[in-house]
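**Q** Each chain, letter by letter, is given below.
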Amino acid sequence: MAVERGKRLADYGLHSERVMWRGKGPGKFEEELGDLERRLGITTLAKAVRWAQTKSMWPDTFGLACCAIEMMSIVSARYDIARFGMEAFRASPRQADLLIVSGRVAHKMAAPLRQIYDQMLEPKWVIAMGACASSGGMFNNYTTLQGVDKIVAVDVYVPGCPPRPEQLMEGILRLHEAVKAGVPPAYEVRGVAS
Amino acid sequence: MTDRAWDQVPGHVSTTEAFGETTIVVERDALVDACTYLRDEEGFNFLSDVSAADYLGWGKAGVSGYIGTPAGRNLNDPMTQGYQRLPEAKPKRFAMNYHLLALYRGSARRLRLRVWLDNAESVPSVVGVWPTADWHEREAWDMMGVPVEGHPNLARILMDDDWEGHPLRKDYPIGGEPVRFSNAE
Amino acid sequence: MTVAPERARIYEGSRIPARVPTILEVSQELRDTGDILEVNFGPNHPSTHGVLRLVIELHGETVVGLQAVIGYLHTGFEKNMEQKTWWKAITYAPRIDYVSFQNNELVFVLAIEKLLGIEVPRKATWMRMLLAELNRLHSHLVWLGTSGLELGAISMFWYCFRERETILDLFELVTGYRMHTRYFQAGGLAEDIPRGFYPECRKFVESMPAAIEQYEGLVDQNQIWIERTRGVGLLSAQDALALGQSGPVLRASGVDWDVRRDEPYLAYDQVDFDVVVYPHGDVYDRYRVRMDEMRESTKIIAQCLDRLEDMEGEAWIADDRKVVLPPREELHTSMESLIHHFKIVTEGYRVPEGEVYVAIESPRGELGCYVISDGGPKPWRVKFRAPSFVALEATATCLRESLIADMIAIVGSLDTVMGEVDR
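Residue numbers (my numbering), protein chains in the order written: chain A, 1 to 194; chain B, 195 to 379; chain C, 380 to 802.
In case anyone wonders, no lab produced these hints; they're calculated from the structure.
Mixed in with the good hints there might be a few duds.
Heads up, simulated SDA-like pairs for lysine to any residue below, C-alpha to C-alpha not over 20 Å straight-line [stated by the list, open to error]:
1. 364(B) / 142(A)
2. 463(C) / 348(B)
3. 284(B) / 467(C)
4. 493(C) / 370(B)
5. 463(C) / 363(B)
6. 467(C) / 370(B)
7. 467(C) / 85(A)
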């Protein structure tokens with residue numbers, strides 16, 4: 001599915017705030033689905049597959065630094081990511097769909113990070129959690145990778161130092177909405193070898 | 195401890211007291227003897243920390259000291275026109291500091307042991323005296339380039355094995371990416 | 380609870396490896412059998428508490444060779460702090476040991492204050508103590524949750540994180556942020572203590588002992604837990620001292636030493652608490668030390684609350700305008716305040732020339748900060764003595780004759796945070 005670069009998520013009709021914000025209206029996927037279901041009572045295979053992908057997108061345990069502690073909080077009972085089917089953090093990248101890079105990446109760790117990313121099977125998504133993973137954060141120096149998008153293709157950047165669990169969940173839910181709307185994973189958009 | 199002169203320590207050069215802490219300087223060649231003496235005779239059974247410091251450019255960077263009275267800062271007299279005190283030059287470029295602690299229940303004595311070194315001058319290892327110095331000395335080698343003689347496993351510890359240069363030295367650049375509208379900080 | 384401090388012999392002699400104290404080496408006869416398997420517990424492993432790499436050599440299930448490789452999280456803190464003013468450098472400190480973040484800020488700020496010779500108002504001192512103890516609870520809860528998770532007591536994680544969320548709520552109430560609060564300034568606290576904090580903290584203090592009982596009820600008498608932790612990871616007192624261990628690891632080996640009692644900082648000499656010591660030097664004793672420390676921390680927090688409630692309306696930061704920002708109302712009327720504000724914000728306050736080493740008791744042990752100042756607005760050298768860095772040096776000694784499953788328990792019991800190790 002050809003996607004033009006530079007299209008914003010809002011152009012796909014994504015309103016992920018709706019999930020957090022009552023009264024904002026249904027997202028594009030729900031609208032189309034509701035329409036079809038009403039008229040024909042079927043859906044396309046691609047849409048069904050994408051829906052299923054979002055409902056159990058298992059993250060990989062890639063906690064590096066402080067953001068990892070907040071990532072652990074989303075598994076805890078208060079923020080409970082199990083309601084989105086994601087509490088099963090897989091230790092093996094071969095079983096994981098989502099790589100949440102949480103924490104600063106040193107150059108020494110860049111090679112293992114890329115190796116983990118390569119070991120994941122398509123389709124796979126990457127969330128750069130926190131300022132350090134997005135851009136190097138406050139550590140603009142000889143040893144910190146200035147943004148993990150230099151070595152892997154990132155789908156969602158979550159700012160914060162560290163981001164609150166709700167911020168991370170917003171990032172994850174936006175990713176879900178994007179997947180449901182048909183936005184391909186970042187490696188396809190950016191043409192990155194994976 | 196403030197009355198001691200620490201003269202009996204092998205290789206003793208000088209003692210200074212500041213901010214409630216005692217620093218003794220010993221000769222580089224007598225370091226292991228000094229450490230053994232301090233551990234066995236004076237009871238410093240615990241090595242807290244080994245820190246290397248690089249004094250390249252000390253006092254020259256335009257930070258010309260600190261406005262106050264010659265005796266120090268005077269809070270009660272905010273209009274004091276001060277004497278600017280330039281930091282004194284240091285004997286050599288590198289200082290290797292050993293923070294010692296005499297750890298006994300209810301009492302604690304701390305001491306800083308210092309050795310002055312030139313660039314590429316090596317320091318003898320104290321792993322035989324306190325095994326915990328192992329990684330601390332490796333870090334001093336890795337980050338500051340202070341070679342440690344007699345260390346059983348002197349390899350890089352924090353940086354990659356094939357890294358060139360010693361990052362914490364003052365002539366090693368901070369690195370990273372240039373950021374617009376950002377000054378030297 | 381506090382065991383008689385005579386040091387029982389945990390094992391004879393020293394188990395520190397002879398050639399390199401931190402590397403457990405395989406003997407030549409074992410290597411000649413051809414039965415050695417070298418396994419890499421890589422930097423990305425769910426049970427290694429962060430990016431620690433252990434290269435182990437196995438003979439069957441027994442670990443006969445071990446080498447720890449670190450540096451995967453080296454962030455260049457010390458060099459970055461040299462580039463920033465003192466004020467900005469305080470922001471870097473909490474991210475070093477990111478689980479007990481306020482302790483790092485505390486040690487750095489204490490070092491700056493020692494150099495400045497500034498006197499901190501007592502309200503700030505007691506509040507810092509309260510927050511440091513809350514942080515100790517936070518750190519032990521995270522440790523207990525993750526250790527339980529690794530040893531199979533998976534539900535421990537959710538129980539511990541329930542209380543941890545309450546503590547983070549308290550931090551957010553006071554400082555505005557859950558982690559990396561940056562609430563300590565040179566001279567005191569950044570802001571006054573908000574209304575409503577004392578009743579909330581009291582509620583927490585009252586509910587915490589029951590929660591600790593709950594955690595103990597889950598694992599304390601559990602046969603699996605006891606078999607996996609008793610007698611595992613032995614470290615004698617002499618070896619612990621030689622290896623520079625401190626904190627719970629040292630106290631679990633029978634050495635009665637706590638920086639809070641023996642070299643008091645803040646107001647620890649004015650509060651009543653016991654130092655918890657256990658004699659057996661195994662993983663189970665380290666667990667017990669931390670559980671009892673949680674109770675002691677709750678006691679300290681209650682005493683801090685009692686004292687703080689009487690200090691309502693006092694100053695929370697020192698009055699020295701050369702270091703501390705003046706109150707904003709004054710900027711409209713006083714020229715000197717405006718100049719001070721300008722100088723402090725742009726150039727930064729100057730710290731007199733000198734060097735200090737300040738040590739505090741972080742949840743992991745002795746956290747030290749060695750600061751050299753050249754009299755200017757930026758630090759010349761900052762070195763953090765990280766207890767986890769030293770704790771990892773003890774892995775080779777603790778892991779003698781252990782199975783691979785014990786290795787997970789032992790590395791967990793040393794409670795290492797890789798941010799501190801690698802800085």
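**Q** Hint by hint, which ones does the structure fall short of?
**A** Hint check: 2, 3, 4 and 7 fail, others pass.
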